[in-house]
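Listed here are the chains, written in short residue letters.
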Amino acid sequence: MLLMKKMAVLKSHGLFDIVLEMRGGASLSLTSLTAHELSELLDKRELSSKELTVAHLERIGSVDDKVKAFTTLTAEHALLQAEEIDKKRVHGEKLSPLAGIPMALKDNMCTRGIRTTCSSKILEDFVPPYDATVTEKLNSAGTVLLGKCNMDEFAMGSSTENSGFFATRNPHDLNAVPGGSSGGSAAAVAAQEAVFALGSDTGGSIRLPASFCGVVGLKPTYGCVSRYGLIAYASSLDQIGPLTRDMTDCALVMSAIAGHDPKDSTSAPMDIPDYSKYLVNNVKGMKIGLPKEYFGAGIDPQVLAYLQQAIGKLEEMGAICEEVSLPHTMYALPAYYIIAPAEASSNLARYDGVQYGLRVEAEDIVSMYCKTRSQGFGDEVKRRIMLGTYALSSGYYDAYYMKALKVRTLVKRDFDHVFENYDCLLTPTSPTVAFNHGEKADDPLTMYLSDICTIPVNLAGIPSLSLPFGQVNGRPVGLQLIGKAFDEGTLLRVGYSLEQSTNLTKPLPALKGGSRA
Amino acid sequence: MSQKYETVIGLEIHVELKTATKIFCPCPNEFGGEPNTHVCPVCLGLPGVMPVFNKRVLEFAVKAGLALSCEIASYSKFDRKNYYYPDLPKNYQVSQYDLPICKLGSVEINNNGEVKTIGITRIHMEEDAGKLLHGGATITSSNYSRVDLNRTGVPLIEIVSEPDLRSAEEARAYMEKMKAILEYLDVSDVKMEQGSLRCDANISLRLVGAEKLGTKAEIKNMNSFRSLQRAIEYEVERQTEILDEGGRIVQETRSWDEEKGITVSMRSKEEAHDYRYLPEPDLVPIIVDPKWVNELRASLPELPDARKKRFVKELGLSEYDAGIITGSRALADYFDEVMIKYNDPKTVANWVMGELLRLINAGDMEITENKIKPDQFAALLQLQADGTISGKMAKTVFEEMFATGKGPETIVKEKGMVQISDEGALATLIEKVIAANPRSVEDYKAGKEKAIGFLVGQIMKETKGQANPGVVNKLLIEKMK
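Protein sequence lines correspond, in order, to chains A and B.
Number 46 in this note's numbering belongs to position 45 of the first sequence; there are no gaps in the numbering.
Number 1576 in this note's numbering belongs to position 224 of the second sequence; there are no gaps in the numbering.
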């Protein structure tokens, strides 16, 4: 096997500094391998989890001062987890395919005994006494937690510039943003600091950074992955999903984290599918809709060219691609900016300085609330709390919140309608590639428009995948596939088929460009 | 004073349900406990936690709805009621807003014999808040307050009445009826002093004959039936005075001050919270299966009104007696258990309402704290009936039983209280008393029947109360013929 040979070479030269020639001249190191490749090596004892973990910690040490993907590193914890898995492997215990694989979690997923900040000053020192369900599931799968990833504060943003601590950089071009809000997670995977990461997606927060950073990102169907322990932004829209280097890893991670959770009433009562069975290189006869509202003005011509190339490829493989219409698309963004802030205004009310988190002392309780929240939250969080509070206020509820819920129903109905005749939809994840740092930071409305292609999907609660497909000036392009509720399988199949038939889906990071800010 | 104004009262009752665990987490639902010991990440409202609805709460709420003749919603949901207060860790309360679990019910009250039907607007489910332990008298005057979250997440139902009540007495009768029904359903401890039954009153006045409701004040913080009645009486007086002076009632929330016996303003309508309700996105809608509701309906226990009717009809008790005994399920159950062993409803009723309630009320106790077992109670009545002890002795024995929990035979033996009924043993004594009191004998023979009472009393005195008065009476009459 090619992989075994590669490993032999790696080992003979010492583990970590060696690069190999592969994929038409691109370089490869241990940290560039996928989970399924590494799993094979771990199983064959060609490699220990500890060695693999050390490699990733060293990689983080050498690149994270440029990328700034992590808010918290858990090196000691990671090495202990790795050693434990190595012991189990030596004892011949049956292990999951992800056992011993180093990964990272977005910093809004609770980790017992490990600080969980939501990249907010208000939770800067918050250490949860419990694990999120995804944390628990990945622990029992034997993964190794390297650290917690930076994000837009409370997942509100599209560039990871809204972090209360620092901005994360795009590993493909350090001048560019990584997208958001799961920018740290996507950047960590793209920069080979973690084999995979989890993100959360409320209006595109997995897919946009996946697109900008050239990795695979899946927002599963609402209810597919437990939200227990995910610090809520907008509960009716939030969903956890994987950020990986390829489709196979996406399926592996999904199999580990999906499924009903008695602790989350909104999680679907479903058996956990083996998502790997959908990794089939065959789209023959599949009907793929191309919603015209996503291909209109504003789309970068070079992004459009890659999309057309992908459509050509799918047709070449026997899929039928046709234009369709989702007529209420234009109303999705404004509806989202009522519903999400409304829920956020309530979800974030608990950060008041009373029980945990930041407290700014003051002469009385109301002043303490005001000072704590004024100093603890960043501008974007405050903006959305105010928007949401206003939308729910007596006398405005019907005009805003109720109306937005009605729009939400119409958006969902649009999708239901086209899915009567199509297996899935293909769109750009974003009309453009990653923008520059600071380019939109002072203009919230322009920033909000970054999510124009991803937001309708969250309102409808359906699954959607972003797959890298080419690069424009070194910045990756993302294709978005949208599927029927609980039909992640079709998305995996189409994504896998594209991945197998082109060399455009695995852009390697340059870690160059610009200066560190 | 002739009635110029009509009093209009609606009550909002909060009832803590006695489920084993809290409404949205597995923490024990127990009163008291060291502060912050009955808590977990969910009821503490830590970041990222999610509620899981306890189905027993739904069962209890539906039972209450059925007992109050409500419509049970087949589709219901939870909402968030947003307000900031340090005893509310999420700064929102999970409650029900526009789709409560029950609506449009009614209950019959009996206010000193006057029967009246009171409408129930709605019943909804919600979580209780925690408690603040202020360093000073109030939250504003304290340097610090401590927060105890044991009560956070205790399940509540809120029962809202129509504004059908017309006096403090009716309000009290309504509350007492609610307490009885909830006790019968076994869904709550219904202890006002522990806060498991709480009540707010909306009170307004209008000119007699007017249709439009007057401006109301909402009164909070009434912790007993007595304070409910006093608070309403005070408030009616206060509003009457204002209206008589040509003033206007301000819509506001007022707090009852038990010590001063007055209500004081808490906040005006302008200062009222805008709760910014929104559907709780962390919980799914509640779909109620009508089949399940029918099963619950069939399993409802006999309720106070039905039991009262049965006691009147089948046991021949008076309306009044039946009303008192069935006013508490524990008391009625106790009555029934005594009746199993001693089937004389009238006597049992007299003893229960007389001696038992007297001692319980004097000791400020619950029926269930009573030490006398029903079979001991029955045995005592039997001892009296077969003449072993006199009625007077029986009362003494009863007090002893109540205090110590000992059986009646034991007490009678210990105190040597056995009644003397043997005619031979009493004959000599009777002759002696007759000889010593010729005057009384004469009076009796002259037709003054009351004179015999004096003679009986003399014999009881001689026997230290142990003579059987019936036997003594009979023997005296025979001897004086």
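Simulated from the structure, these hints should not be mistaken for lab results.
What you are looking at is a predicted structure, and each value in this text was computed from that prediction instead of being measured.
Certain hints may be false.
Restraint ranges, calculated between C-beta atoms of paired labels, are given here [said to hold, decoys possible]: (1) A/Pro-328 / B/Ile-1601: 22 to 28 Å; (2) A/Asp-365 / B/Asn-1575: 48 to 54 Å; (3) A/Tyr-397 / B/Tyr-1427: 25 to 31 Å; (4) A/Pro-328 / B/Asn-1388: 49 to 55 Å; (5) B/Pro-1387 / A/Pro-328: 26 to 32 Å; (6) A/Tyr-397 / B/Glu-1610: 53 to 59 Å; (7) B/Asn-1388 / A/Arg-113: 16 to 22 Å; (8) A/Ser-394 / B/Glu-1610: 57 to 63 Å; (9) B/Arg-1558 / A/Tyr-397: 40 to 46 Å; (10) B/Lys-1572 / A/Gly-299: 45 to 51 Å; (11) A/Tyr-397 / B/Gly-1385: 49 to 55 Å; (12) B/Lys-1483 / A/Asp-444: 44 to 50 Å; (13) A/Asp-444 / B/Pro-1378: 56 to 62 Å; (14) B/Pro-1653 / A/His-78: 44 to 50 Å.
Glycine residues also receive a C-beta, built at the ideal position from the N, C-alpha and C atoms.
Cβ separation of A/Tyr-397 and B/Gly-1385, checked against the hinted range 49 to 55 Å: 42 Å, violated
Consistency of beta-carbon spacing, B/Pro-1378 to A/Asp-444, with hint 56 to 62 Å: 47 Å, violated
If I claimed the Cβ atoms of A/Pro-328 and B/Ile-1601 lie 22 to 28 Å apart, would that claim hold in this structure? Cβ of A/Pro-328 to Cβ of B/Ile-1601: about 54 Å, so the range 22 to 28 Å is violated.
Okay, B/Pro-1653 versus A/His-78 on CB: inside 44 to 50 Å? 56 Å, violated
So the hint says 16 to 22 Å: do the beta-carbon atoms of B/Asn-1388 and A/Arg-113 match that? 19 Å, holds
Between B/Lys-1572 and A/Gly-299, does the beta-carbon spacing fit 45 to 51 Å? 57 Å, violated
Is 53 to 59 Å respected by the C-beta to C-beta distance linking A/Tyr-397 and B/Glu-1610? At roughly 40 Å between Cβ atoms, B/Glu-1610 and A/Tyr-397 fall outside 53 to 59 Å, so the hint is violated.
Within 57 to 63 Å or not, the Cβ separation of A/Ser-394 and B/Glu-1610? About 36 Å separates the Cβ atoms of A/Ser-394 and B/Glu-1610, which means 57 to 63 Å is violated.
Between A/Pro-328 and B/Asn-1388, does the beta-carbon spacing fit 49 to 55 Å? 54 Å, holds
Cβ separation of B/Pro-1387 and A/Pro-328, checked against the hinted range 26 to 32 Å: 57 Å, violated
Outcome for the supplied range 25 to 31 Å, where the beta carbon pair is A/Tyr-397 and B/Tyr-1427: With a Cβ separation near 26 Å, A/Tyr-397 and B/Tyr-1427 satisfy 25 to 31 Å, so the hint holds.
Determine whether the Cβ-Cβ distance between B/Lys-1483 and A/Asp-444 falls within the hinted range of 44 to 50 Å. Cβ of B/Lys-1483 to Cβ of A/Asp-444: about 47 Å, so the range 44 to 50 Å holds.
Hints 1, 2, 5, 6, 8, 9, 10, 11, 13 and 14, counting from the list given before, are not met by this structure.
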